[in-house]
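Q: One letter stands for each residue in the lines below.
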Amino acid sequence: MTPLPRAFALGEIAERFGLELKGDPAKPIRGVSTLASAADDQIGFLANPRYRSQLATTAAAAVIVGPKDASEADGRQTSLLVAGEPYVAFARVASLFEHERPPAPGIHPTAVTAESAHIAATASIGPHCVIEDGAVIEEGAVIGPHCAIGPDCVVGTQSRLSARVVLVGRVRLGRRVLVHPGAVIGADGFGLAFDRDHWIKVPQLGGVVIGDDCEIGANTTIDRGALEDTVLEEDVRLDNQIQIAHNVRIGAHTAIAGCAAIAGSSRIGRYCLIGGGAGIIGHLTIADRVTITAMSLVTHSIREPGEYSSGTPIQESRLWRRNAARFKHLDQLARHVADKNKGHPHE
Amino acid sequence: MTPLPRAFALGEIAERFGLELKGDPAKPIRGVSTLASAADDQIGFLANPRYRSQLATTAAAAVIVGPKDASEADGRQTSLLVAGEPYVAFARVASLFEHERPPAPGIHPTAVTAESAHIAATASIGPHCVIEDGAVIEEGAVIGPHCAIGPDCVVGTQSRLSARVVLVGRVRLGRRVLVHPGAVIGADGFGLAFDRDHWIKVPQLGGVVIGDDCEIGANTTIDRGALEDTVLEEDVRLDNQIQIAHNVRIGAHTAIAGCAAIAGSSRIGRYCLIGGGAGIIGHLTIADRVTITAMSLVTHSIREPGEYSSGTPIQESRLWRRNAARFKHLDQLARHVADKNKGHPHE
Amino acid sequence: MTPLPRAFALGEIAERFGLELKGDPAKPIRGVSTLASAADDQIGFLANPRYRSQLATTAAAAVIVGPKDASEADGRQTSLLVAGEPYVAFARVASLFEHERPPAPGIHPTAVTAESAHIAATASIGPHCVIEDGAVIEEGAVIGPHCAIGPDCVVGTQSRLSARVVLVGRVRLGRRVLVHPGAVIGADGFGLAFDRDHWIKVPQLGGVVIGDDCEIGANTTIDRGALEDTVLEEDVRLDNQIQIAHNVRIGAHTAIAGCAAIAGSSRIGRYCLIGGGAGIIGHLTIADRVTITAMSLVTHSIREPGEYSSGTPIQESRLWRRNAARFKHLDQLARHVADKNKGHPHE
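Going down the list, the protein sequences come from chains D, E and G.
Taking UniProt numbering, I'd label the letters of the first sequence as residues 1 to 347.
Taking UniProt numbering, I'd label the letters of the second sequence as residues 1 to 347.
Taking UniProt numbering, I'd label the letters of the third sequence as residues 1 to 347.
Any given hint could turn out to be false.
Computed footprint of chain D on chain E, listed as stretches where at least three residues anywhere in the stretch have a Cβ under 8 Å from a Cβ of chain D [as the list claims (entries may be wrong)]:
# : stretch
1 : 96–103
2 : 158–169
3 : 191–197
4 : 254–267
5 : 303–312
6 : 324–333
Just so you know, the hints here were simulated from the structure itself, not pulled from any lab data.
These numbers were taken from a predicted model, which means no experiment stands behind them.
Backbone N, C-alpha and C define an ideal beta-carbon position, used for all residues, glycine too.
Turn these sequences into a full structure, and let the hints steer you where they fit.
A: The following block contains the structure:
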């Protein structure tokens with residue numbers, strides 16, 4: 001039987017996270033939830049205006065709200081925790097209720113570790129891991145089951161490889177980096193030279209450098225550089241199934257959604273947001289604070305902050321087919337309209 | 001040397017699957033094949049009209065056909081097995097010739113299993129698996145090599161994890177679920193809150209629930225929910241390299257082709273067909289029996305059954321470039337045409 | 001401490017690779033680099049004209065250039081190595097400085113190998129590998145950590161599976177095939193038949209055949225055929241996260257960039273170039289020497305060599321939204337223009 005989760009008093013939570021409390025400080029809190037599903041010992045939050053109507057009906061013990069919603073909600077029965085940024089406050093409160101059991105330090109007996117590897121005493125190496133020559137696992141790092149850490153790779157302090165992560169070679173992870181299962185970091189970049197009638201492989205001699213506080217999603221791949229390194233600056237957040245090619249550089253605090261791909265040698269700025277499935281071709285430069293919407297393809301450098309898109313809207317296929325057929329002759333259509341214009345000088 | 005495959009009499013096959021036989025019931029059958037390549041001890045099928053002409057030339061011992069093709073084929077030499085749904089009948093017949101050797105029950109000595117895990121006596125745990133605290137492996141389940149089953153995960157009766165599957169945490173698979181290699185189920189959803197100048201991680205406290213008879217393709221990822229669960233109802237079929245974000249719900253009998261991606265909290269109906277590489281952004285609702293064609297992007301909810309598309313047709317790049325350049329000014333073109341119209345009130 | 005890399009005399013390098021040297025043959029060379037970062041014991045190269053200005057400023061000991069750049073660079077201080085194809089020459093020279101330590105032959109004691117598997121004496125089987133019944137590992141093949149080689153699979157002479165590769169079943173790799181981590185070859189194709197109200201699985205009875213000198217990227221998936229084999233001819237180069245569905249055939253020397261996907265039974269020609277994220281729907285035929293640009297979707301067969309594209313250009317979202325809205329009525333716009341034309345018979 002699962003034991004009852006630990007309870008915190010609502011007032012204790014307000015104090016710990018610097019939130020203004022409107023309500024009963026003694027109320028016991030055992031978890032977090034959505035407004036729609038919360039029980040009366042759980043905290044909900046309101047960050048997205050589309051859920052505002054749920055404030056009247058939620059059974060939550062308390063709701064984290066912004067100052068504006070707090071004033072409008074006066075007189076309601078539920079307790080309120082008022083925060084400048086309700087979603088940030090919620091993230092902090094929710095972390096109280098995470099039940100991750102950090103594994104004990106030490107090396108599992110089934111792990112295979114090279115004698116020349118340096119593994120800190122406080123690090124944890126899970127079952128069936130392989131740690132190769134010269135690899136360095138720093139203090140407090142957690143290497144989950146089935147990870148392979150290639151020659152001379154470094155896993156920084158407090159970093160965590162959830163399970164089945166491969167660092168192939170010449171990979172350096174900073175501190176507090178979190179890598180999800182299936183990620184492959186440091187495989188050969190896709191470097192080919194065409195020699196008359198066949199391909200020859202271009203050696204990939206660079207590495208990968210991942211800054212502090214980065215997160216790398218499940219089954220994401222980050223290739224090592226051809227000559228210099230592939231680089232993620234600090235606090236870069238990559239979702240699942242992303243492909244980062246060789247020699248890409250991603251600026252600090254940029255977040256990229258699932259299935260996006262960045263081709264070789266492109267440089268992405270800081271504080272960018274790249275939508276799911278978006279593509280950026282090679283050798284481009286993207287400025288800071290650029291947003292690319294989902295499934296857009298970037299084919300030239302972007303020098304100005306702002307939001308960029310490509311593609312066409314979804315439609316019933318029956319209608320879409322007609323429009324798509326016209327797209328194939330759009331240039332002709334535009335020429336035709338322009339020509340008619342020219343033919344009517346009085347217009 | 002591979003032994004000769006087991007033979008079935010054609011009449012025995014007809015009877016077993018309730019098919020009408022026009023031909024020799026004693027004919028021995030040792031396998032299935034395409035019409036073009038079949039040998040005279042193999043059964044072919046005709047489901048796609050584009051292959052109809054091969055009916056005249058195939059060397060197959062028998063061909064599974066629909067009633068219409070059966071009547072038109074009268075007088076041909078090849079035997080016929082008549083089925084209402086020839087492709088369904090073929091799938092059933094073909095299963096006679098699968099030579100999967102189910103692994104013996106028991107736990108491989110190289111597997112690492114927590115004492116608190118519950119592993120049914122008829123389950124099979126392959127080499128180098130890791131089964132963590134509180135995990136439950138039900139009767140007849142097969143866990144192939146290199147799988148990691150996280151704390152408190154459940155693998156239902158007769159389910160099969162082919163090889164190297166990770167269930168990270170709070171994952172429940174129903175009965176007869178088939179998961180292909182490299183799939184990662186239950187990794188953290190991509191939840192981030194922006195705190196002035198950096199990201200903070202939003203704890204992902206939900207789980208994943210996979211219904212009976214689902215199939216999950218190779219290297220597909222299904223994240224666990226932020227607060228509630230990510231859910232696949234029964235008989236959902238996912239191809240390879242699909243990304244299902246946190247809190248998505250997919251209705252029963254929906255099939256999704258390779259490389260599609262569904263962003264957080266979207267709800268997909270029952271009996272939907274999502275094409276390869278298609279994207280669905282977050283917080284949408286898609287009705288039952290909706291088809292999305294390959295590489296389309298869905299940016300708003302779809303309330304009506306039917307087929308939907310986006311994108312433009314493939315063209316020679318030389319032509320495409322001209323049309324694409326015009327797309328950048330399509331609104332101007334449309335305004336221009338509309339203005340001219342207004343200027344000609346007699347039209 | 002890393003030992004100083006081995007040095008080669010510049011003249012020795014010129015001779016070994018048949019390059020014309022303009023400069024000091026005694027100059028010691030310890031590595032390769034970009035023009036911008038090279039030290040004076042490193043060789044750079046100039047293949048992309050956009051970097052030509054760096055020829056005047058590089059600190060490289062020597063630069064590999066084409067004949068045209070060589071004549072224009074006369075009088076400069078840096079030594080030159082003149083090559084017909086500078087990038088090909090660079091690839092060869094760079095390979096001198098790769099420091100891959102090939103693993104020793106033999107089977108790691110943690111590997112689990114079936115008695116009926118045939119493993120050549122010169123092959124290397126890494127830690128925690130699983131080699132199943134009837135598998136064949138030929139001379140000089142290297143199977144890195146955490147690989148699983150399914151029943152009756154063949155890994156050809158000198159092939160290398162970097163780490164954590166799964167060959168599921170009925171997979172034959174030729175000679176000198178290189179497979180990167182996370183690749184899954186030979187999983188079931190996505191074959192489903194719809195039986196009134198639910199899906200039934202169509203057995204996938206074919207295999208996968210990979211030709212000599214192919215390269216398969218990280219987390220790429222190649223499904224086995226339904227009845228016949230999925231085939232990659234020789235020297236096919238696949239980047240990361242590519243999906244190759246069942247019964248696809250890819251012609252020799254074709255290269256495919258990351259995240260592309262090819263649906264079932266399509267046949268791709270020889271010497272094709274498929275861009276990143278591109279999609280090819282099922283049952284198509286693509287001629288030899290076809291180039292598909294990034295994220296294009298191919299929906300019909302292509303009979304002529306050449307370059308093909310689909311999609312729309314990236315724009316500021318503010319402008320894109322207006323144009324995209326017009327696309328939804330493009331057919332009406334075109335009809336309207338055509339109608340007006342008809343109304344003006346004098347034009």
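Q: Which earlier hints can't be squared with this structure?
A: 1
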